[in-house]
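Q: Read top to bottom, the protein sequences are chains C and V. Residue numbers for the first sequence follow my numbering, beginning at 1420 and rising by one. Residue numbers for the second sequence follow my numbering, beginning at 946 and rising by one.
Simulated from the structure, these hints should not be mistaken for laboratory data. Treat the hints loosely; a few may be bogus.
[Stated by the list, open to error] Straight-line Cα separation of at most 27 angstroms, DSSO-like style, residue types lysine-lysine; simulated pairs:
#1 C/Lys-1643 / C/Lys-1684
#2 V/Lys-1062 / C/Lys-1843
#3 C/Lys-1686 / C/Lys-1658
#4 V/Lys-1080 / C/Lys-1908
#5 V/Lys-1062 / V/Lys-1016
#6 V/Lys-1080 / C/Lys-2025
#7 C/Lys-1843 / V/Lys-1063
[Unchecked claim] Here chain V is said to cover these stretches of chain C; the calculated rule only asks that three of the stretch's residues, wherever they fall, bring their Cβ under 8 angstroms from a Cβ of chain V:
#8 1453 to 1467
#9 1955 to 1969
[Said to hold, decoys possible] Covered by chain C, per the in silico footprint, the following chain V stretches (three or more residues, Cβ under 8 angstroms):
#10 1038 to 1044
#11 1087 to 1098
Glycine is no exception: its CB is placed at the ideal position from the N, C-alpha and C atoms.
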Amino acid sequence: MNSSVNNRHKAQERVRDGLKVRYRAERRFQFYGKLAIGLGLLFLSMLFFSILSKGLPAFQQTYMELEVTFERQYVDPKGDGSEESLAAGDYGGLVKQTLRNRFSDVKNRREKRALYSIVSTGAAFQLRDMVMSNPELVGNTVRVWVPADDELDMLLKGHTTELERHAGSGIASLVSGDGEIKLLSTSNDFTNILQDLKRMLAKSARQSERKLKRLRDNLADAEKSLLQLEEGILKAQSKQPQNAARIRVLEEKLADAKVSIDSYKEKAAQEEMIFSDLQQRADTPGGVERLNSEMPSYLVFVNGGLVKLTSVSNTQATGRALTQLESMHEAQAGEWEILEFETPQTARRLKDNALAWAWDLKQKGQIEKRFNTTFFTAGDSREPELAGIWGAAVGSLYTLVVTLLLSFPIGVAAAVYLEEYAPKNRWTDLIEVNINNLAAVPSIVFGLLGLAVFINFFGLPRSAPLVGGLVLTLMTLPTIIIASRAALKSVPPSIREAALGVGASRIQMMTHHVLPLALPGMLTGTIIGMAQALGETAPLLMIGMVAFIVDIPGGFTDPAAVLPVQIYLWADSPERAFVERTSAAIMVLLSFLIMMNILAVFLRKKFERRW
Amino acid sequence: MFNSFSQAQSTMVNEAVEAPVEVKRHASIHREQTDTVGEITVANPRMTCRNVDVFYSGSQAIYNVSLDIGKNEVVSMIGPSGCGKSTFLRCLNRMNDTIDGCMVTGAIKIDGQDIYKKSMDVVPLRAQVGMVFQKPNPFPKSLYENVAYGPRIHGIADNKEHLDHIVETSLKRAGLWEEAKDRMDQPGTGLSGGQQQRLCIARAIAVEPEVILMDEPCSALDPIATARIEELIDELRENYTIAIVTHSMQQAARVSQRTAYFHLGKLIEVGETEQIFSQPKHKLTEDYITGRFG
Chain C
1420 MNSSVNNRHK AQERVRDGLK VRYRAERRFQ FYGKLAIGLG LLFLSMLFFS
1470 ILSKGLPAFQ QTYMELEVTF ERQYVDPKGD GSEESLAAGD YGGLVKQTLR
1520 NRFSDVKNRR EKRALYSIVS TGAAFQLRDM VMSNPELVGN TVRVWVPADD
1570 ELDMLLKGHT TELERHAGSG IASLVSGDGE IKLLSTSNDF TNILQDLKRM
1620 LAKSARQSER KLKRLRDNLA DAEKSLLQLE EGILKAQSKQ PQNAARIRVL
1670 EEKLADAKVS IDSYKEKAAQ EEMIFSDLQQ RADTPGGVER LNSEMPSYLV
1720 FVNGGLVKLT SVSNTQATGR ALTQLESMHE AQAGEWEILE FETPQTARRL
1770 KDNALAWAWD LKQKGQIEKR FNTTFFTAGD SREPELAGIW GAAVGSLYTL
1820 VVTLLLSFPI GVAAAVYLEE YAPKNRWTDL IEVNINNLAA VPSIVFGLLG
1870 LAVFINFFGL PRSAPLVGGL VLTLMTLPTI IIASRAALKS VPPSIREAAL
1920 GVGASRIQMM THHVLPLALP GMLTGTIIGM AQALGETAPL LMIGMVAFIV
1970 DIPGGFTDPA AVLPVQIYLW ADSPERAFVE RTSAAIMVLL SFLIMMNILA
2020 VFLRKKFERR W
Chain V
946 MFNSFSQAQS TMVNEAVEAP VEVKRHASIH REQTDTVGEI TVANPRMTCR
996 NVDVFYSGSQ AIYNVSLDIG KNEVVSMIGP SGCGKSTFLR CLNRMNDTID
1046 GCMVTGAIKI DGQDIYKKSM DVVPLRAQVG MVFQKPNPFP KSLYENVAYG
1096 PRIHGIADNK EHLDHIVETS LKRAGLWEEA KDRMDQPGTG LSGGQQQRLC
1146 IARAIAVEPE VILMDEPCSA LDPIATARIE ELIDELRENY TIAIVTHSMQ
1196 QAARVSQRTA YFHLGKLIEV GETEQIFSQP KHKLTEDYIT GRFG
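Kindly generate the complete structure, drawing on both the sequences and the hints.
A: As structure tokens, this is what we get:
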């Protein structure tokens, strides 16, 4: 009796002791769960932040205003004003002429070429379309907004270089001569630039110093080996005078060593001069220093024009006018400013002159960002500013229509047969296992199958939504069949019995009761399968939907791209502007996917029944 | 002494009735000879079952059961869990066909027609022999649609008015009309458990069956709803033949005229309900009724 009481006490004690461990295990488990969810959300938000921050600017595009005079010599080469003649006009030339008029001080060939490239090649087509639809424009002058080139677009969106503006604190007087402009400030306005320059000089001096040291080390090594060679020759001459061949080889080596010592010496002397010059320039404050293209570009905005600085001292700077100055009057403090473009000219595609033109256009309100309708209405293009996703969206739509029309009926029919009619034997087991395995087959394999069967055997056209849809049907069928079977299984047997019990035949039971109840589940599965198909890239690569297609597809057999492939193609393009378009296209694709998933959730919620 | 006399009599009658019946024999499994205590036949049977065996994927669930179900009577089937009473009931309208690997041998006839013969179509059979299940299982459709479904698929109604009439009379007979008439468009699944079960009965009688099979119709219901259903069963007896499986002996005693006691797949004893509950002849029946097991 007593011992049983003791035992009970002991057991309860053990339970109490164990409690702490159990609760700790539970808390730890909860913590792991929260950690996992937190990590998941963190990465998701990082993904969304990255896509949004990169992609949102793509919904805006830079346009510039041109004052176009539709001169007959360009737009109407035959001079008869006929449609044919207007269509054959040299609109590219017209755009170039307009740009030359706008920036009349651009003279040399290279600069002109740079000037022409700030406008999109689409501008010519835009002007052509304007003239074609309204021939009365010929001979008139109109202000037209045309898309700017993608590089200019990137500049305005701040991707090309960072701009720092320093207002002038002294009174600037200008002197011109020899095609150069000299700026004299009453204050130390250029000290900052000079200090930057000195820092760069000091850096180069350190580099030069290291190089000098290396050269001297090499020299010492060479001298050491020279001594050894001389010693070797002496030894060889005394011990084995008959071995003339060996002595000759050693002597040749000795001559080589002497040459290399000379060259090292020469190089070291040169480097020493460079070093001491750099060191001296870096150490002494003041003085005049030349700017180079490895450094940030400094442009001075004064009297409505831009001067690119080529050399500076504390209060003085010399430079070259990039855009015309209105006058050479003195500029008061605050009325002029230094623009510092931090990326060196050699590291960017837009050179200083283009920057100056863009600045000039901006000052005059002739350049602005607008909503990028082209992105939503155009097909693909080599020019980022003319590229859009509409072609890919239509291609995706056609592909998905084919996929849906094929996979839903086939999938549902297969599921109904397997679930309701097929006898349970080894063959149906085999079929079931294979369907489940098909869901796990890498999608590119379906692409190879499509290539071999649909294109090579049946001879269907390449790059066509029809073939894409067929391939994606193969890929989504297992998903739909599995989801449909699950939906059929989830219909309670009591409903089937009820229907059979009042004398419904099997097909009546299916069509009147089971299918309507299973349909939401089947639709959910189908929508998820469609979303999967919408996001699929690999199998479509195999059937040629990766081609560069500019036209909007007009049917199921036209060549087309789809959204994910479009993203893949743009992500592969070198232009900076395609980076943001890639992200924007991802946003469009994701929003379609989210919409489809919301629809699936909505269907499930709406038709969900409880028994 | 009385016992043996009754047995002898039953065998005699059996032979007389059975002569034209072809009995299918299952070759591989040995048939155990069982003798049911009590009178298995009635004067005017609606359904006759002779030497029924049921196998589920080879294992035998029902052994050599012979039983008549008379016109306008309520036969209750009682017995411990797993005794095969539900299986036997489901044989009567071939609901067992839906179960894979289920095989039925012997003869089951309705009005002299063998329901397991090849030419028998289950669709009209189930219209003839309706069924009410253990768990109320209305369709997730409106009340009206629930009741109208049977007549509609069988094409019983001539027109919309006729169908309305059938729905109304069925609901009235099932005692649900007063509660249902104002909410005919609402889903049947929204009713209470007892109302749902009455709806299922209305659905079953809407196709004018001759026999109604009830598989523990009150097991999911509270006592008040159960009393309501029992009352209903008593009223329905006037027009229908009813076979009811129940776990409640009180229920069997209240609603049925004859009671059959099943034990381990065998029909142990059949008789007038009053007699079964007051003077059971077989030891197993007595043990069950007195609550020694069950």
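Q: With reference to the structure, classify each hint as holding or not holding.
A: Do the hints match the structure? See the list:
no., hint, result
1, C/Lys-1643 / C/Lys-1684, "14 angstroms, holds"
2, V/Lys-1062 / C/Lys-1843, "24 angstroms, holds"
3, C/Lys-1686 / C/Lys-1658, "38 angstroms, violated"
4, V/Lys-1080 / C/Lys-1908, "19 angstroms, holds"
5, V/Lys-1062 / V/Lys-1016, "23 angstroms, holds"
6, V/Lys-1080 / C/Lys-2025, "25 angstroms, holds"
7, C/Lys-1843 / V/Lys-1063, "23 angstroms, holds"
8, 1453 to 1467, "violated (count 0)"
9, 1955 to 1969, "violated (count 0)"
10, 1038 to 1044, "holds (count 3)"
11, 1087 to 1098, "holds (count 3)"
Comparing the model with each numbered hint stated earlier shows that hints 3, 8 and 9 do not hold.
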